[in-house]
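Please work from the sequences and hints to get the whole structure.
Mapping of the first sequence onto my numbering: residues 7 to 109, in sequence order.
Mixed in with the good hints there might be a few duds.
Unchecked claim - FRET-style restraints, in silico, Cβ to Cβ:
#, residue 1, residue 2, range
1, R48, G72, 32 to 40 Å
2, K102, N18, 28 to 36 Å
3, G43, R106, 15 to 23 Å
4, N18, P92, 27 to 35 Å
5, G75, G43, 15 to 23 Å
6, K52, K102, 26 to 34 Å
7, G75, R48, 29 to 37 Å
8, P92, G51, 13 to 21 Å
9, R33, V54, 30 to 38 Å
10, R106, T45, 19 to 27 Å
11, S23, V55, 19 to 27 Å
To be verified - Derived lysine-lysine pairs resembling DSS-like cross-links, with alpha carbons at most 30 Å apart:
#, residue 1, residue 2
12, K21, K10
13, K52, K102
14, K60, K10
15, K21, K60
16, K14, K60
17, K102, K14
18, K102, K21
19, K102, K60
In case anyone wonders, no lab produced these hints; they're calculated from the structure.
As the structure is a computational prediction, the values presented were derived from the model and not from experiment.
From the three backbone atoms N, C-alpha and C, an ideal C-beta is built for every residue, glycine too.
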Amino acid sequence: MRSKDFRKVYDNGAKFSGPLFTAFCLRGTEGSGARVGFTLPRALGKAVVRNRIKRRVREAVRRRFGVLGAPWEIVINPRRRAETAPFPDLEREVEKLFSRCGT
RNA sequence: CUUGCCGGAUGGGUAGUCGCUCCCGCGAGGGAGAGGAAAGUCCGGUCUCCACAGGGCGGCGUGCCGGUUAACGGCCGGGGGGGUUCGCUCAAAGCGGGCUUCACGGAAAGUGCCACAGAAAAGAUACCGCCGGGGCGGGAAGCCGUUCCGGUAAGGGUGAAAAGGUGCGGCAAGAGCGCACCGCGCCCGGAGCAAUCCGGGUGGCAGGGUAAACCCCACGCGGAGCAAGACCAAAUAGGGGAGGAGGGGCGGCCCGUUCCGCUUGACUCCCGGGUAGGUUGCUAGAGCCGGGCAGCAAUGUUCGGCCCAGAGGAAUGACUACCGCCCGCAAGGGUACAGAAACCGGCUUAUAGUCCGGCAAGCUGC
RNA sequence: GCGGGCGUCGUUCAACGGACAGGAUGCCCGGUUACGAACCGGGAGACUGGAGGUUCAAGUCCUCCCGCCCGUA
Numbered sequence: 007m008r009s010k011d012f013r014k015v016y017d018n019g020a021k022f023s024g025p026l027f028t029a030f031c032l033r034g035t036e037g038s039g040a041r042v043g044f045t046l047p048r049a050l051g052k053a054v055v056r057n058r059i060k061r062r063v064r065e066a067v068r069r070r071f072g073v074l075g076a077p078w079e080i081v082i083n084p085r086r087r088a089e090t091a092p093f094p095d096l097e098r099e100v101e102k103l104f105s106r107c108g109t
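Shown next, in the form of structure tokens:
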């Protein structure tokens, strides 16, 4: 069912591009919690690189999760730069995305 | 001492804040949490399910000998080739040592293929040359030219490869034709479990290469894979069974609403298969650490101690500070290869620094 | 997890184990034309993905790596 959810967000969601990642956002049904998914294709690098990117992005999302008011369903496609970019920059980008969803 | 190359070992540490997965606990809280290769998936097993009388054919794999193991194409030991280096020796040959390397059964079972060159490439062969004899021509003659018949594998030339090698004798010229040494085959004796080695005798010598060409011989192998497999099990559709109206249809008695039989069947109950989903398999094991014993070793065995990730689109982290190590006067920079997916034994490949061993250069000292 | 295929001039395809790895297209030069296209003539362009091995000889056979593609549960 998870891959169906991803499909749904890709097909119907709004697209936001940034320097560190591309995100697809879709307003979820009221009552259910907000959900964020990540995609890490092999093109991003080997397993070590993919793991590191995922953990940094997830940490940034975790720290700014409160900014998100409504139960959005968001899929984030990180770029390769997300591995080496300074963490505050990554955090700022995530916050920008979440606050735009709020409006 | 400094570089470079090749093997082997190792694979940074201590705190703080905020998180993740699992376990223990009523709770507060506590505990555990990537690797030597977790990688490539090149081999072998464990474990599951499926198949299976026996035998033959076929297919795939392995290939000196012995050991080791659950098993292996791995590992250990030994043997035999090749390469390199050192020593013995005036030198060569030879012998011995070190290092290193080898898919190392069979080409006297059969088939195929060996380009070009070359006379000839596999039942050998006579192109040139060499030697003997005959004919013809020239010349006074020695002899020269030419042609025919025969001998020859020493020499030339070709080739990756041409029917043992070197030396002496021998011969018309030659030839293992004879002899010595080396090589090879066979026989005998000895050492060794064996591969094989050593010694003696004997045969003048079998006979090109290729099996990572087909093949022959010996040995081994049933097939799939944890998305294996097992259990629980919605919704919807459909299947089977039981009951079944006061509904529909057909039939029985002459007819029929009363009676009886058959059928259909709303509806009720039960059953199994099974999808989504969930649970399990799932981590105590050919396990790790230390010691003893057996063995040259791989390895085996025994005693004591320890419990060391189990997730499931997948946790093991993010950030900060300080200390290591390397580069730099400093500011500062660098700190490899790389992320478990049922589990285990190997192989292969990647790897910054640091340490150990070996080799090769260069510099320096005695 | 399992099992199958491919890698050759810039591109796309050839090459019984045997000479200088061959076309097509593209590229360059010259001709033709008033100038181009088309056409004609000539030329360059590859150590066959990498490293070893077998063989007298390897793009081809064998082993190990690298990269890419496909099938399947």
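A quick look at each hint next to the structure:
no.	hint	result
1	R48 - G72: 32 to 40 Å	holds, 33 Å
2	K102 - N18: 28 to 36 Å	violated, 22 Å
3	G43 - R106: 15 to 23 Å	holds, 18 Å
4	N18 - P92: 27 to 35 Å	holds, 33 Å
5	G75 - G43: 15 to 23 Å	holds, 19 Å
6	K52 - K102: 26 to 34 Å	holds, 30 Å
7	G75 - R48: 29 to 37 Å	holds, 35 Å
8	P92 - G51: 13 to 21 Å	holds, 19 Å
9	R33 - V54: 30 to 38 Å	holds, 35 Å
10	R106 - T45: 19 to 27 Å	holds, 20 Å
11	S23 - V55: 19 to 27 Å	holds, 21 Å
12	K21 - K10	holds, 18 Å
13	K52 - K102	holds, 29 Å
14	K60 - K10	holds, 21 Å
15	K21 - K60	holds, 20 Å
16	K14 - K60	holds, 21 Å
17	K102 - K14	holds, 23 Å
18	K102 - K21	holds, 14 Å
19	K102 - K60	holds, 19 Å
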